[in-house]
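Here is what each chain is made of, one letter per residue.
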Amino acid sequence: MAAPVVTGEDLRKTFRAPGDGGEVHALDGVSIEVHAGELTALVGPDGAGKTTLIRLMAGLLAADGGSLRVLGIDPAAEPQRVQDRIGYMPQKFGLYEDLSVQENLDLYADLHGVTAQERSQRYPQLMEMTDLGRFTGRLAGRLSGGMKQKLGLACTLVRSPELLLLDEPTVGVDPLSRRELWVIVEHLVRDQGLTVLTSTSYLDEAEKAARVLVLHRGRALAQGEPAGVTRIAAGRSAVLDPGPGVIVRSLQARMLDDPEVIDAVPDGGLVRLVRSGVATPEADRATIAGLVPTPVEPRFEDGFMVLLRGTAAHEAGVDIRLQRPLAPAAEGSVVEVRDLVKRFGDFTAVDHVSFEVRRGEIFGLLGPNGAGKTTTFRMLCGLLPASGGTLRIAGVEVARAGAAARSRLGYVAQKFSLYGALTVAENLEFFASAYGLRGAMRRGRIEWALRQFDLAGHSHTASAELPGGFKQRLAMGAALLHEPDILFLDEPTSGADPLARRAFWRRITALAEQGVTVIVTTHFMQEAEYCDHIAIMDGGRVLAQGSPAEIRGLARAGEGRQASMEDAFIAVVQAARAREGEARP
Amino acid sequence: MLESILRVIALTRKELLAVLKDPRARNSLLLPPILQCLLFGYAASYDLNHVPYAVLDRSHSVASHDLLSGFEGTGLFERVADLRTQRQVRDYVDDRRALLAVEIPADFARRLRAGRGADIQIIADGRNSNTANTALGYARSVVSAFNDRWRADHGLPGPAVTVAARAWYNPNLVTRWNMIPGLIGTLTMIQTLMLTAMSVAREREQGTFDQLLVTPFRPAEIMAGKALPSMLIGITQATGVLLVAQLWFRIPFEGSFLTLYAGLTLFVLAAVGIGLVVSALCQTMQQAMLFSFVLIMPFALLSGLTTPISNMPLSLQYFTRINPLRYAIDIAQRVYLEGAGLGVLMPDLWPLAAIAAVTLAAASWMFRHRLQ
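Protein sequences, first through last, are from chains X and L. Counting the first sequence from 1 gives a position; my numbering is that position plus 555. Counting the second sequence from 1 gives a position; my numbering is that position plus 9.
Some hints could be false.
[Unchecked claim] Cβ-to-Cβ under 10 Å is the rule here; a few derived chain L residues that face chain X:
#, residue
1, Ile18
2, Ala19
3, Leu20
4, Lys30
5, Ala34
6, Asp103
7, Arg105
8, Gln215
9, Thr217
10, Leu221
11, Thr224
12, Arg227
13, Glu230
It is worth saying that the hints were derived from the structure and are not from the lab. All values derive from a computational prediction rather than experimental measurement. Cβ coordinates follow ideal geometry from the N, Cα and C atoms, glycine included.
Make a model of the complete structure from these sequences and hints.
In structure tokens form, the structure reads like this:
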């Protein structure tokens, strides 16, 4: 076998944390091999060290320790020689938004000194592969998120690199474009024999790679074929049918608290489990919570969760209890949106959107970046005036909502917006005062938040210096201090690791059980399974809405498996785009 | 109402904490105004003290020596050369070795003794008209002192009219006396405007502004909570400059602190109002920073601190009426140097109140119709 294209051994890289000078071990002794003609995937949640590792290979960072060879060259010593032979697509690819698709391509071809003859050969290939041929004259800034990524990939491939490094090429991209991007990448590897290293936080994508390196907090948890990771969960995966009348997420939340259960997620109306013990004939007959589990084939995510659980102690059960009775259940809907329209100039960002949310429901707004869900969300919170339509929350017109109406809302912004210079305790104190909490009540609620979100140990840490997961917890704590009736969450789980995401949903489930109404946006399709109702948005319109089961029903089941939420999303979007195509002459 | 006040207090506390906890922000609050004040006090002065001059004395008489000793006696002049030829005068002035050249003709003493009056020539380097004028003024007073002495010594009648000039409020006409009180307003304005404009822009950029808007805070409360800390900080900075003026430069304070602080409070309110308008218009900190700079330059130039407003073209003079700094400098200088009371300062106070009212109303309107 030929020598590996990349060999890295015991790589270390430490960054100084902003502020008080603590250290972050982005890479803590990681070894990696990338073989020629193969697709290798770096898998792990945000902050695992994926980007750092890729930047080391591209010669953009020098490691603190360990040895690294890319195409036989030390990238830290001779970055230019490596860069001449590789293609690197960073997370935010540098497209010039005011240049057209063609101009962007030409620019990158010029930068890399691609000759006119090579271009005449390369361009048609790239256009065919990315399906961008129809849009060469369009400004890059006006492309959808998925098309921008394809253009970025095309620009990276204007000359033929020997190794292609992709840093999370599919993050924030809608499922349809995500699938198309993967078709391109697989084509590059299979048909053109290109060596590709890609990072991803989507676990299903890792299954497509020949080799995976599972990273978590700068350490490698596993390396090898993805099937090897999947096999870790062999005999442990099962599904439970909650039966009629039981809310899937409530059962799933209970399962997570079971020490025998490593992982539980709602999946297609069932609860999917990974048990800590391998199934034996006896164990199979044993019931869990009075239900009989049905063993199923493990998948990559199951193995990944077993690995991840090994790094963290089993979190104690969440007991999130409201201390005050909520307003009595109102008849009808808590949130009522009718024909909501938002225009920015001649661009319609939200186009006649209508939906209703009942008390105690979890309502999910799903869609790719740019679908209009954040705009809708901001109008719901009164942060953006609507151009048309009506918006009522608890019977009050949002535009007219006064301080009293706002005091019943809780809001967690996309980036968990907190005052970075202030400590955890000071942030909580400020928001408690903002919501009019005083005296013993205030102290009690702040203590509650510190305890509930496990923040007591960090209460004197400046919030900017909190690790990512803790920022989300603090944002949740601040939003729940005043025990709101309605909770708005904008992409609350983006960037969180799978364990943190499960803990988050367990709290949301507990709150909904107590009557809190939750409205949440997400681009993780599987998270739709936690919702009572979802609306799928694309291009500013609601393409479909209903319960997760109803939405799944819109897609045809694949061979031998039930349709997933992602299949449903793709079916819905494709159908809508096809209709639009017909409508146009 | 109580709820409202408590919320404003909470926001004010948070703003102050955010500023005071950040070491960089904390240091940039007091240090730069005091350093700038010291810098201006020493560097920005129209007073000349080591005027280099050259002498071409063709008379070589007792009288000419007497005249020249007058130059030495002031302590303001420094003789750099005794020249012999006209040609050398040109050289010395050309390469800036001398700012002035005093040329005394050969018949100087003879004509004086004959009672016919003698001419001397003083050549000044006019490339900097300001400095040349000041230096010539000094030279003229040296010559007129010489004339007085000569007349007295030779029993000649004195001039019919003499001017006894007294500069009130600044008897020695030291630029510093005029400059430093003016800086109280100028330095405070720069920091207050920037601080206010940036504080909202920072929250916008970091997403915390949305968080603030969904809490029960009303727009007016947010504005008050943003305005109060900036005003507090502005007044503290003004106090810093005031202390430097009194304790370091020892410029005597003639007025009442109450009057001065009343004027300053109105002024800082107007500056905060402008800052809030800027912040309502800007989405990012970079925009807020640029916008503030664009405003501060003309405000400082058209304030009357360095150049008199009455010398500006009429259209610019109208503009100075909406410049809060113009009034603040007037208030500070008049209270500080002449001890003016509130009644006399009314023409300065009501425009400040008007500017504050208009900008705060505009900012609050923009916040309510925000984020279009």
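Tested hints:
1. For Ile18 of chain L, the interface hint holds, the least distance from its beta-carbon to any beta-carbon of chain X being 8 Å, beneath 10 Å.
2. Restraint check, Ala19 of chain L versus chain X: the minimum CB separation of about 3 Å is within 10 Å; hint holds.
3. Among the interface hints, the one on Leu20 of chain L holds; its C-beta lies about 8 Å from the nearest C-beta in chain X, closer than the 10 Å criterion.
4. This hint holds: Lys30 of chain L has a C-beta 5 Å from the nearest C-beta of chain X, less than the 10 Å allowed.
5. Hint on Ala34 of chain L holds. Least Cβ distance to chain X is approximately 8 Å, under the 10 Å limit.
6. Proximity of Asp103 of chain L to chain X is violated relative to the hint, the smallest CB-CB distance being about 54 Å (cut-off 10 Å).
7. Below 10 Å, beta-carbon pairs count as interface contacts, and Arg105 of chain L has none with chain X, the closest being about 51 Å; its hint is therefore violated.
8. The interface hint given for Gln215 of chain L holds, since its Cβ lies 6 Å from the closest Cβ of chain X, which is under the 10 Å cut-off.
9. Hint on Thr217 of chain L holds. Least Cβ distance to chain X is approximately 4 Å, under the 10 Å limit.
10. Annotation: Leu221 of chain L was flagged as interfacial toward chain X, and the flag holds, the nearest CB pair being 8 Å apart, inside 10 Å.
11. With a cut of 10 Å, the hint placing Thr224 of chain L at the interface with chain X holds, because the nearest CB-to-CB distance is about 4 Å.
12. For Arg227 of chain L, the suggested interface contact is upheld, since its CB lies about 6 Å from the closest CB of chain X, less than 10 Å.
13. Restraint check, Glu230 of chain L versus chain X: the minimum CB separation of about 8 Å is within 10 Å; hint holds.
Of the numbered hints listed earlier, those contradicted by the structure are 6, 7.
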